[in-house]
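**Student:** Model the placement of chain B on the given structure of chain A, informed by the hints.
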Amino acid sequence: MKGNKLVLSAISMSALVMLAACGNDESEAQEDGVVTMTTARTLGDDTVFRSGEDVNNNPVVNWARDDLGLNIDTIWTVPNDEQYNTRLRLSMSSGESLPDVFLVSDGQLKADLIESGMVQPIEDAIEEHASDRLKEIFDQFPEAFYPSTNEDGVRYGIPRLSGGNGSDPLLWVRQDWLDNLGLEIPETLEEMEEVMDAFVNQDPNNSGADDTIGVSLATMNGMATWLADSSWIFGAYGDFLPGHWSPDASGELVYGTVQPSIKDGLETLNDWFESGYLDPEVGILDEENAIEQFVAGNAGFLSAPPWGDGWPIGDVVENDPDAVVVPMALPSGEGGQTGRRGEGLITGSFLFNSEFEHIDRYFEYLDEIYGFTLGESDYFADGMFEGYDFIYDENGEVVYDYDAIEAEAGEQRVDPGRYMITRNVPTIPFMLYDLASEFHETDREPENAYEYGIASNNASYLEAAHIVKEQDEHRIENMFTGAPTATMSDRSEHLDRLEQEMIVDIIYGNRPLDYFDEFVEQWRSSGGDQITEEVNAWYDEVTSGN
Amino acid sequence: MAKPKSKPSSPQRWDFKQTWPLHVLVWPAVIVALVFQYGPMFGIVMAFQDYRPWLGFLGSEWVGFKHFITMFEYDYARQVIWNTLVISVLKLVFGLIVPLAFALLLNEVYHMKFKRTVQTIVYLPYFLSWVILGGMLIDILSPTGGIINQFLGIFGIDPIFFLGSNDWFRTTVVISDLWKETGFNTIVFLAAITVVNPNLYEAAVVDGANRWKQTWHITLPSMRPIIIVVATLSLGNILNAGFDQIFNLYNPLVYQTGDIIDTYVYRVGLVSGDFSYGTAVGLFKSFIGLILIVLGYHLAYRYANWRIF
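Chains A and B supply the protein sequences, listed in that same order.
Just so we're aligned: the first sequence equals residues 1 to 546 in the UniProt record's numbering.
Just so we're aligned: the second sequence equals residues 1 to 309 in the UniProt record's numbering.
Isolated chain A, as found in the complex (with noise of 0.2 Å):
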């Protein structure tokens, strides 16, 4: 055993020198009922702290500590989630104690940890600790466990709820090109090549130079992917995405991209290409590449989740004055089908140090937070912070105006829901588009500080989300969500490279389409049923137990 630490000491030496400095007290001081919990996190750029505060002094975390006697010590933190999952694989693989809560999205991570016992299950403190409206929340979502749900059907992580549909896409589309050429908002696929095939020869920019492309998107990470993605496309043919793992109609979960919908959805991505609708190096353009050519003002139409409305849409406005961007429905295929990449339930579960002792504080906490994004809270009766989120003015009326906020600050406004251990104000799925729809389509006036965030968004972002959430029934989530299974792991990476290969060289006609036919029997001779047959195994496990 000894020879086998210095072995991994000496690897992750090289590695990773610089974390050496970063100690790990274990100090639990624990007088007057406070108690300490250990934890990490990624603190990206856009973390913002006000002169003289950080991740350990703030004002959530100070509040934490003085309200509920819950001490929450950030001990290390990495700028993105690469360094944090490979600190966290070292601390698993070299026997360092792990923080007591901790956030893990990566599925293969969090099945390792819980492998390793190293974590402890969560069933009997959601019991015994959890609030009734947290429990409530967690009832709403059994899916949301899935992803750190073990093969005995044992839950080990509580879920970071995602949005619901927060980074669902629909589609923008240059208006002011529309109306320089007196066209109309295309509602089907057949128009939308129209409209398309003028952006590219009509010169809609008015520019005198063939300078225009259809759309941008970005095929490098996969087609349903988080911006200028294509599964819309596919969408309009069948309710399969390639890489996302949906049920047919016996309700099996079935492989997206060995579909026959798939087949009509790359016959057009095919089309589309040829007709110089797309980038010519479509296929080797990732998300952010993607953007360029629509941020640039060459591109007529982006899908993008209503997010996009800041950036990169707000970057095309900036680009080009005369820039008029409008959200969309997503159009549909023959017979009115439509499909969109649904997001997940979740980013991340939260697991627990088997050595922790105090996950009722946790809850406690967790509580209090989602308390403030469902308006009933004790603590944040009228904001989360005063100065920070909402002022008082002379009347002692609640202000949330941002711009007023800064004045008396003197300081840039800053969220103090990212100092939360939830990263965000914690959302519970589709809440917050049913609220942008509710503003958009009323004249109500925001009630409370989470309220009066997402009402005070553009215009175009509450369209946005409302057309969004109008198109709800057509979401395609992946169901898959649980960690590689075996035969994932020994095959994925020729699989994927099978995918990815056939994909690309169909749409550049460097093969035949009926090179798909070829592709679906030689992903389900190498592994592709096998891997089919463990999905659906473990999908009845999680499952069963709900």
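Keep in mind the hints are simulated off the structure, nothing from the lab.
Please note that the accuracy of each hint is not assured.
Listed next, the stretches of chain B that the computed footprint assigns to chain A, with coverage defined by at least 3 CB atoms under 8 Å from CB atoms of chain A [said to hold, decoys possible]:
(1) 52 to 60
(2) 219 to 231
To list a few chain A residues with every Cβ distance to chain B over 10 Å, as calculated [said to hold, decoys possible]:
(3) Arg-89
(4) Glu-451
(5) Gln-500
(6) Asn-510
Even for Gly, the Cβ is constructed at its ideal location relative to N, Cα and C.
**Tutor:** Same frame as chain A, now just chain B:
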């Protein structure tokens, strides 16, 4: 480092009192090599296990040669080995010829300022990392508005998708590698040229040899040892087709011709988390590399009388 067979009276005899400063000097290097080069080598046992990080090397299950057998079952594994060989042989051959020719040509330049300027410009890309160069190349080679394709457009040539075409990818990789590395090797060769005995050239001129004959019969033969040394050293690197470069330039469109062992190991081992299989492929690569080094070393000894030990 065996003791030389006893010659008690020899002045080169083991004499710690005289040589201890040298020992002190060499130890840090030995320790660094042991800790960072040899220590991690224990990790290759992973190749023979189904390695689980939390079980460690002692707890993980032993599976013998399973991963090596799997490797040869995959078409892709054979393809990446072939790609690695092709790309590294091309790089080795051109990486030797081009700087050599360049050094010979530069040596003929008498205008010192011009010579130095050219040398500096050619040397510059050597200092940039592939992360930066990769980004630059993607822009320069872009079929929409990249400077190379704009230039080709003047001659009526259709845009070429250099980084997205299996016909062009290897060429692009080799030429961009030359662009980066030529400057460095040129300097090595230029240094070798300066040590050629000037008397030989004078004698040749007397015999009526022109510049070309002088180069062919004097400069090149005098440089033979250094050429062989450089070649041998690059032979040791033959299976390093250049992870940084390929990783920053490749994409699914060119996996067929551009995917190499290192990028494959990266995807299998780190992206897919199959540590054992990744290690097995890496170990196989090292094994071939070892054979080539031994072979190269013997050849170098035989033809250039060059040896370390």
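**Student:** Now look at each hint and say whether the structure bears it out.
**Tutor:** Do the hints match the structure? See the list:
1. 52 to 60: holds (count 6)
2. 219 to 231: violated (count 0)
3. Arg-89: Non-interface label on Arg-89 (chain A) violated, nearest chain B Cβ at 7 Å vs cutoff 10 Å.
4. Glu-451: Fine: 41 Å to the nearest Cβ keeps Glu-451 (chain A) off the interface.
5. Gln-500: The assertion about Gln-500 (chain A) is violated, with a minimum of 4 Å to chain B.
6. Asn-510: Contrary to the label, Asn-510 (chain A) does not stay out of reach of chain B, its closest Cβ about 8 Å off (not over 10 Å).
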